[in-house]
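Produce the complete structure using the sequences and hints provided.
Top line first, the protein sequences correspond to chains A and B. Using the numbering used here, read the first sequence as starting at 17 and increasing by one per residue. Using the numbering used here, read the second sequence as starting at 88 and increasing by one per residue.
These aren't lab readings, by the way, just hints derived from the structure by calculation. Even for Gly, the Cβ is constructed at its ideal location relative to N, Cα and C. Only true hints are included.
So, partial list: chain A residues that the calculated Cβ filter (under 10 Å) puts toward chain B: (1) Q22; (2) Y65; (3) T118; (4) G120; (5) G122.
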Amino acid sequence: QKEVEQDPGPLSVPEGAIVSLNCTYSNSAFQYFMWYRQYSRKGPELLMYTYSSGNKEDGRFTAQVDKSSKYISLFIRDSQPSDSATYLCAMRDSGGSNYKLTFGKGTLLTVNP
Amino acid sequence: GAGVSQTPSNKVTEKGKYVELRCDPISGHTALYWYRQSLGQGPEFLIYFQGTGAADDSGLPNDRFFAVRPEGSVSTLKIQRTERGDSAVYLCASSDDLGRGNTEAFFGQGTRLTVV
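Encoded structure:
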């Protein structure tokens, strides 16, 4: 079992839909949780950053972390065609290796106009 | 520069050849990371530099892989005797890692390596 599991999709939704992306993980030492967006042939770009459990909202994006269930989510409201990309969850612990991110496989999202 | 710059953007090489991949981090960033992203997978950690020294090279797959950062800025990832399984996108990232817990790593666009 990989440390971070993420359904690779692909996921196809109509414009304006609410999108839900999820990851599960097995390492209870993970404390920092991130969502990256990666357009085709580009590097990952940080979208959301959350420490420990809870919710964080930024515009149309909401990140949720449930450490008791080892489950994180990213919600995208009013999805736009420009949101079409691969979404990667990533996480790390708070110890000495706080630089080392563990990524999920990524979920390919297409938002259709 | 404005962001992390990686060169070349694409590299095709023959099996058994030696390749060098270059990363120019964001100016002033002390921390630099190399990741490898295979097709359909998330990035996997290779090595981390804090300044000039490799603080953690535990992700390097074998001794054919080596990386340097001699002046604490530009880094070069070197792969000897390339194999077809080395084909992947090699991503570099940098951050102003000052020991805070929430430093953001900025990624470059990657070098797409194809070994034929």
